[in-house]
Amino acid sequence: MGDTLGYVVAGGNGNGGAFTQMGVSYGMFVTDSYNIYISEQSNHRVMKWLNGNTTAGVLVAGGNGAGNTADKLSSPWGVYVDVNASIYVVDRGNHRVQMWSPGASVGITVAGSTSDAGPWSYQFNSPTSITFDFDGYMYIVDYNNARIQRWYPGASYGTTVASGALNLPIGLAF
Numbered sequence: 001m002g003d004t005l006g007y008v009v010a011g012g013n014g015n016g017g018a019f020t021q022m023g024v025s026y027g028m029f030v031t032d033s034y035n036i037y038i039s040e041q042s043n044h045r046v047m048k049w050l051n052g053n054t055t056a057g058v059l060v061a062g063g064n065g066a067g068n069t070a071d072k073l074s075s076p077w078g079v080y081v082d083v084n085a086s087i088y089v090v091d092r093g094n095h096r097v098q099m100w101s102p103g104a105s106v107g108i109t110v111a112g113s114t115s116d117a118g119p120w121s122y123q124f125n126s127p128t129s130i131t132f133d134f135d136g137y138m139y140i141v142d143y144n145n146a147r148i149q150r151w152y153p154g155a156s157y158g159t160t161v162a163s164g165a166l167n168l169p170i171g172l173a174f
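Everything in the sequence shown is counted per full-length UniProt numbering, starting at 1 for the first residue and increasing by one.
To be clear, the hints were calculated from the coordinates, so they are not data collected in a lab. It is possible that part of the hints are untrue.
[Claimed, not checked] Computed spacing ranges between beta-carbons, pair by pair:
#  : residue 1 : residue 2 : range
1  : V24       : N144      : 11 to 21 Å
2  : G17       : F174      : 30 to 40 Å
3  : P102      : S163      : 32 to 42 Å
4  : G16       : A165      : 14 to 24 Å
5  : G171      : W120      : 20 to 30 Å
6  : N53       : G118      : 35 to 45 Å
7  : V106      : L50       : 35 to 45 Å
8  : W120      : G2        : 46 to 56 Å
9  : A173      : P153      : 25 to 35 Å
10 : A165      : D71       : 20 to 30 Å
11 : L5        : S115      : 36 to 46 Å
Backbone N, C-alpha and C define an ideal beta-carbon position, used for all residues, glycine too.
Given the sequences, and given the hints that come with them, work out the whole structure.
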C-alpha cells in the first residue's frame, strides 16, 4: 500500500519570512524533477524548494514586500512553471498574472491589469489559479467574477470559457 508516514519536503521551521520558513501558502507546482514552487501570500513571494533540500528555499519571484511594481507581488496564489522554467504567478492582490523568466528580478504582466479589478475581458477581480493547455493557452480562475478565462500568451484580453453556474471558483487542473 505504501508508506503511511508523512515527510517534510519544504519548510518545517514554523511560520515566517526567512528562507527556511514559509508564510501562508495557497499555490504549489511540482516539476517533473520534483522541485516544488510555493506561492506565499503573506510573504508576497514565490519560493523554489529543490528536491531533497528541506533546509532552505530559493526566492524566485517577489519577496520585496507587497506592491504593484514589476519586482513585487501582492498576495500571490496560483503558480505554474513551464518547460522553459518561466514562472507564472497569479498575483491576486494586483488582479494580474506575472511571468518571471529564470533568474529575473522583475516580472512581466502577461494577463490582467495592475491593481485595476474589474469585469471586462482584460481584467480580473481576485484571480486565484492558473494552468496551461497543450496549445499554450493560459486558463485563469477569476474568483470574484465567478469565471474562468482563456488567454493566449501575448493577448491583451481573455475569453470567458466558463461562468454562470460557477460560484466563487478557486482551483483548476487538467
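Q.
Let me make sure I understand: some of the numbered hints might not hold for this structure. Which ones are they, in numerical order?
A. Hints 4, 7, 9, 10 contradicted; others consistent.
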